[in-house]
Each structure stands twice: as C-alpha cells, then as structure tokens.
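Q: So the chains spell out like this:
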Amino acid sequence: MEDKTFTHLTKAYSPKEIKDKEHFLLWVRIKRRLLYCLKIVNYLVLIAVGLMFVYPFTWMASMSLRPLVDALSFAPGIWVADPQWNNYLYAWNQARISHYVGNSVKYSILVMGLQYFTLIPAAFGFATMKFKGKKLLWGSKLLGMMLPAEATFIPVYYFYSKMGLVDNWFGLIMPSLVAMFGIFMFKNAFEAIPGEVLEAARMDKAKNRTIMLKIMVPMIAPVLITHLITSFISNWNEYYWVLVMTNRESLRTLPVALRGLLQVDEGVPQWNVAMAGTMIQLAPILLMYIFASGKIKTAMVGDRKIKI
Amino acid sequence: MQSLRDIGSRYNDLQDAADELKAALRKCKNKEERGHLRQKLTDKKQELRRFKASLAGQELQAYKDYHMIRREIKRCEMLKRFDKTGSKVFRVINPVYIYMFPAAFHSVFFTLMPFIFMIVGAFFKLDLVDIKSSKFVKLWNFYMVLVRDDEFWRAFGNTFLFAVLTVFLLMVVTVLMSSWLSKNTKIHNIAQTMIFTPHISSMVAVGILWVLMLDPQGIINQILAFFGIKGPNWLMDSRTSLFSVALVTVWKSIGYYCLIIIAGLQSLPKDVYEAAKLDKAGKWTILRKITLPLLTPTLSFVFIMKFINSFKSFAAIDVMTQGGPQGSSMVLGYWIYNAGRVKFNYGFAMVGSIVLTIMVAACTALANKGFKKED
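Keeping their order, the protein sequence lines are chains A and B.
Taking my numbering, the leading residue of the first sequence gets 19, the next gets one more, and so forth.
Taking my numbering, the leading residue of the second sequence gets 172, the next gets one more, and so forth.
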C-alpha cells in the first residue's frame, strides 16, 4: 500500500509526458518572443503611419530652405546642405509677409479679445434666464449655423458695402464675435453648473451681472481656456471670410496672402519662398502644438464629445 | 502739534470747498466769472498742497488715510448712483435683452436678412452697385441656371460626389485606424499626436503643401515610379482632380475623427468586453459584433456632420484646383463664389445659394429625423 502511493507520487510524469511538457514550454517561449517582435513591429508601423502625417511638414520646412533650383527638383530628402535663410528674409520683406503677419495677429487678437464680451452674456442668457422670444432667437441661431456662409456672402457683402464695412476691421471681425460654436460651448458649460448655486445667489439678491461675472465665469475657467485655444486656431487659419470681405491688400490676412503667392503670371511660382511663407503661417500653431499637444488635442476633440 | 482729527476736518473742509468750486465751475457759463472761479480753485488746491507739505510722519499718514477714505466714499456714492439708474433701466427692460442684443443683431444681420435677400434676389437681375436699377425677371435666373447651365449641374453632382467620397474614405480609414490606435501606451499617444497635426494647420497651408506633393514630378509620383507605376497628373487631370482634393481633405481630418472615435471607444462599457473575452470571441468578432453596434450613434452623428460640412469645402478647392480642369472639381460653394464674386452674375449666384441651402437643410433634417428615431 505504502509503496503504491509512493510510486504514484514520484512518477508524476512519464518520459513522454516530460517531452510534451518541454515542447509546450518551448512553444510558449517562442510564442512570447514572437508576440514581443510583433509588438515592436506594431510600434514601428505606428510610428511610420504617424510619419505619414508629419513628414510633409518637415519636407516643407526643408523645401523652404533650399535654393530655387533644388526646390524645383522636388527631391524627397529632408537634409539641406546649405540652408538658404535668405528665403525667409525674401518672403518677409519682398513678398510682404510681415505686413500680412501683422494683419493676422491683429485679426486674431481683436476677435479673441472682444468675443467674450458678447459670447458670455448671450450664453448666460440662453442657459439660465427666461425671456420672451428665447425659442425664436435660439431657432434663428440654429438656422444661422445651418445656413452656409458660401450661400449668404453676397447679401452680407451688399449690406456691408452700403454701411461702409467692406475693408473695415470692425466689419471683418463682426461675424466671429457671436459665433454659434462659442455660444453652444458656454451654454453647455453654464448648464452643467448645478442649479443650487444659481438659486443661492438669487436668494442673496445677487444681480444677474454679479452672478455671471463673479460666480459662473470663474466656475467655467477650463472651458474658457479650451475656447481660447480653439478660437485662436480657427481665427489664425480663417480663410473664406477674409477673402470674400476684403478688396484691398491692406486688410488681408496671412492665409489669403499665401494663396496669392501661388498665382504668378508666367512660369512657375517661387516654391521655396512660398514654402517659407507657409512655414511662417504654420509656425505659431505648430510650436504651440509641440509644447502643449495634449491640451490642444483635448481642447479640439474633448468638448465636442458632450454634444455627441 | 495738531490732533489728527483736526487734520482730518481741515482736509475735508478744504476738499469740500474745492469740490463746491468745481461744481460751480461746471454750471457757470459766464466767461469772466469762470476765470475768477478757476483762479479760486487753483488757490484752494495750492492751499491743500501747502497743507500737505507742512505735515510729516504720523500726521502725513493721517492725511493720506483721510484722503483714501474720502475717495472710497466718493466711489461708493458713484456706484450707488449707477445702481439707481441701472435698476431704473432694468425695471423697464429685462437685462437679458441687453445680454442678447449682439446675438440677436447677429441673427438678424447675418442670417435672416441675407436669407430673405437671397430668396427675393433670385427673381431679379441684380445690380448691387445701384440696387434700384435691378430688374424683375421672374424665373429667368432659375431657367438660366437650372436648365441651360451644364456647369452648374456638374458642380451639383461634384458636390455630392465629393461628400460621398470624403465620408466613405474617412469612415473606412478612421474606424480601422482608431480601433488600432485606441491604447494608452506612450507610442500610441505619440502616433495619435502625429496624426492629429494636419487638423490644426490651415487648409491653405495643407493645400499648398499638397499641390507640391501631387505635382507630376512630386513626391507621390516619385514613390509610384519607384514601384514602376506611372502616376497621373493628379490635380490637372479632369479624371483625378476631385478625387485628389478629397484625398487631401481626408488626410487632413483623419486625426480629428480618429481621436473622436477613440474617445467614443474608451467610454464604452467595459463589462461587455469582459463577457466577450470569457466567451472567447476573436478580435474581429468583437469589432464587428460589439464595438461597431455600440459605436453606431457616435459614428453616424460624426459622419453626417462631416457629410454636411463637406458641402462647404471652399478653401481646399480654391487653393488646389480652382474648380479644376474643365470644371471637373467645381463644387457648389465654389460655383457660387465664381458666379458672384468673379463673374458678377449675382442673380445666378442667388439661385445657386438657394440650391445649396436646400441641400444642407434637407440633409440636416434627414439626419435629425434619423437621430430622433434612434432615441
């Protein structure tokens, strides 16, 4: 009896079983290695796909530093043997990019500075107050969002020309000041604040402007920052509206000017200079993106999730 | 040595006198008298200054304190007056109308008035320089555009084709890519960041960049030549121009839609996936049977919005093809711009605008109906 139990314990594996086990362990090891390799390959492919989206910009930077002859060969390499910083100087001075950069900065700063005076009260009104014609106004705002600017620009241009607002800074920034996107965003943020806060403030006989400025606006500070980032990017890149509403060069912003660099009367455009101009246009946003990519990504994507 | 209270009373007396003189000066119209009063006022100010100069140490501090107190009182009085007038105004008008004024003005000026102008203007041969000389032509504009203009119908078809192309390409690419990218390792994060880059750069810059890349001798054709394929002249060939522009817009917005879908993916309930793992479901099955059905509301919303928005793609067309060889990449938005701002046929442009608006409105209405059913 004792013997039997003993053999039962010691002869746990027969030679064949041991061989199988070894095979199995080997297979596991190989599989693990393979998976590890696959993981690395996966990462490499990921980076390669990522490069598909970044490489053109790097190539553009390299193009902007080449002499014209090299630029016209469209060689895909990135390294430039002797960088021609003169291209940037030429773009800045001769192509008058400096002037357009000034206009772009002015345009974005004007819009970004002034829009909150109109956006926040409107959003506050829509979110927390009752008044006659609220539904009508909201409906017309929605209609305005649906109506494409491509369809309405001629009537607006006509009104502008009658009021002397064509080629005028105020006329240029006016539609962006009450952009529906911003109202939506702030309205959502205001509505997310618990109603008790509002009630308590009203019980203490706080005025509407006090509630808005002293209580609600500090509470939505993150949304404000988000909106600031998105509105800077969209205003800096604004193209259609500026193109349509200006006739003189003195008010045109950088994107419109870049478009002009491509239009030459004869021959090919000076690609290296055009690329330098484009780099100047991209620089602020790309720099911002390099240093605060996480913030910008969440700002551009995160808040639209609420609506979905 | 005076007591500090004496300093206060003397300061207040002097300041009161100065204020009285100021008020009198404001009311007074007589020139001679004004000069007289002004002289008196400067005298009083001089006296005050001399008084201040005569003080030192603790006394000077007291003087400064009284000065501050007086200013504070004045500020409070002003605020009170302001509040009184404010409440008088707000008793009559609800303050919300002041808050809403810019929004309402914007609505009227940029939405309602153009809307009416657009519909009325379509029946006129418009002359914007002298609006009174424009003629009522009944349906002539509609006839010319909808019946006689082949280019318009081409633009109309292209608009739909462009929207379908972009949305289809985006849908396929982003769904596959986002399920691949949806992890939180460092490399995945870097890849997401890289893919997102084109979205924040302007369409003009991206357009210029791709004009170069899609040049007959450009990079894309060099790569194709490496594999022994002779690439077409992407943007200048009437067969490929619209497709190329669609490709570029897709390239630009892949990152954005990927991130939206990833955000949607990461907010899906975890327990469903655990259950699927227990049942030993394969990755493909999980994607097909669980992820896609759960994600459908997000996906459909996003892509219908994209569909509608791609009716409005102006910058891409304008930079890259300007309507393309023989109108092959002309879309409705660009056609309107061309008719109105380049050829000055405002009536035609109005008709085009109406068609575009109807298209957008119909799509939006359809989308809304679909969403209401799902809820």
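A portion of the hints provided could be inaccurate.
[Unchecked claim] Derived DSS-like pairs (lysine-lysine); straight-line CA-CA distance at most 25 Å:
no., chain 1, residue 1, chain 2, residue 2
1, A, K232, B, K448
2, A, K232, B, K251
3, A, K223, B, K296
4, A, K148, B, K255
5, A, K153, B, K245
6, A, K180, B, K540
7, A, K152, B, K354
8, A, K49, B, K454
9, B, K514, A, K150
10, A, K225, B, K357
11, B, K296, A, K180
12, B, K245, A, K152
13, A, K223, B, K451
14, A, K232, B, K259
15, A, K225, B, K306
16, B, K451, A, K49
17, B, K357, A, K57
18, B, K354, A, K49
19, A, K225, B, K251
20, B, K454, A, K57
[Said to hold, decoys possible] Partial pick of chain B residues on the chain A-facing surface, computed with a CB cut under 8 Å:
no., residue
21, T256
22, Q437
23, N516
[As the list claims (entries may be wrong)] Using C-beta positions, here's what the derived DEER-type ranges look like:
no., chain 1, residue 1, chain 2, residue 2, range
24, A, K223, B, P468, 42 to 50 Å
25, B, K245, A, F188, 47 to 55 Å
26, A, S179, B, R220, 54 to 62 Å
27, A, F188, B, A227, 38 to 46 Å
28, B, K401, A, Y73, 54 to 62 Å
29, A, K148, B, Q493, 34 to 42 Å
30, B, G541, A, V63, 42 to 50 Å
31, A, V87, B, Q493, 25 to 33 Å
32, B, G541, A, Y73, 34 to 42 Å
33, B, T213, A, E267, 31 to 39 Å
34, B, K401, A, F188, 51 to 59 Å
In case anyone wonders, no lab produced these hints; they're calculated from the structure.
We put the beta carbon where it would ideally sit given N, CA and C, even for glycine.
Q: So, for every hint listed, does it hold in this structure?
A: Here is what the structure says about each hint:
| no. | hint | result |
| --- | --- | --- |
| 1 | K232/A x K448/B | violated (51 Å) |
| 2 | K232/A x K251/B | holds (19 Å) |
| 3 | K223/A x K296/B | violated (58 Å) |
| 4 | K148/A x K255/B | holds (24 Å) |
| 5 | K153/A x K245/B | violated (43 Å) |
| 6 | K180/A x K540/B | violated (40 Å) |
| 7 | K152/A x K354/B | violated (44 Å) |
| 8 | K49/A x K454/B | holds (18 Å) |
| 9 | K514/B x K150/A | violated (44 Å) |
| 10 | K225/A x K357/B | violated (49 Å) |
| 11 | K296/B x K180/A | holds (19 Å) |
| 12 | K245/B x K152/A | violated (40 Å) |
| 13 | K223/A x K451/B | violated (62 Å) |
| 14 | K232/A x K259/B | holds (23 Å) |
| 15 | K225/A x K306/B | violated (54 Å) |
| 16 | K451/B x K49/A | holds (19 Å) |
| 17 | K357/B x K57/A | holds (13 Å) |
| 18 | K354/B x K49/A | holds (22 Å) |
| 19 | K225/A x K251/B | holds (14 Å) |
| 20 | K454/B x K57/A | holds (16 Å) |
| 21 | T256 | violated (14 Å) |
| 22 | Q437 | violated (10 Å) |
| 23 | N516 | violated (10 Å) |
| 24 | K223/A x P468/B: 42 to 50 Å | holds (44 Å) |
| 25 | K245/B x F188/A: 47 to 55 Å | violated (35 Å) |
| 26 | S179/A x R220/B: 54 to 62 Å | holds (57 Å) |
| 27 | F188/A x A227/B: 38 to 46 Å | violated (54 Å) |
| 28 | K401/B x Y73/A: 54 to 62 Å | violated (23 Å) |
| 29 | K148/A x Q493/B: 34 to 42 Å | violated (50 Å) |
| 30 | G541/B x V63/A: 42 to 50 Å | violated (36 Å) |
| 31 | V87/A x Q493/B: 25 to 33 Å | holds (27 Å) |
| 32 | G541/B x Y73/A: 34 to 42 Å | holds (39 Å) |
| 33 | T213/B x E267/A: 31 to 39 Å | violated (53 Å) |
| 34 | K401/B x F188/A: 51 to 59 Å | holds (54 Å) |
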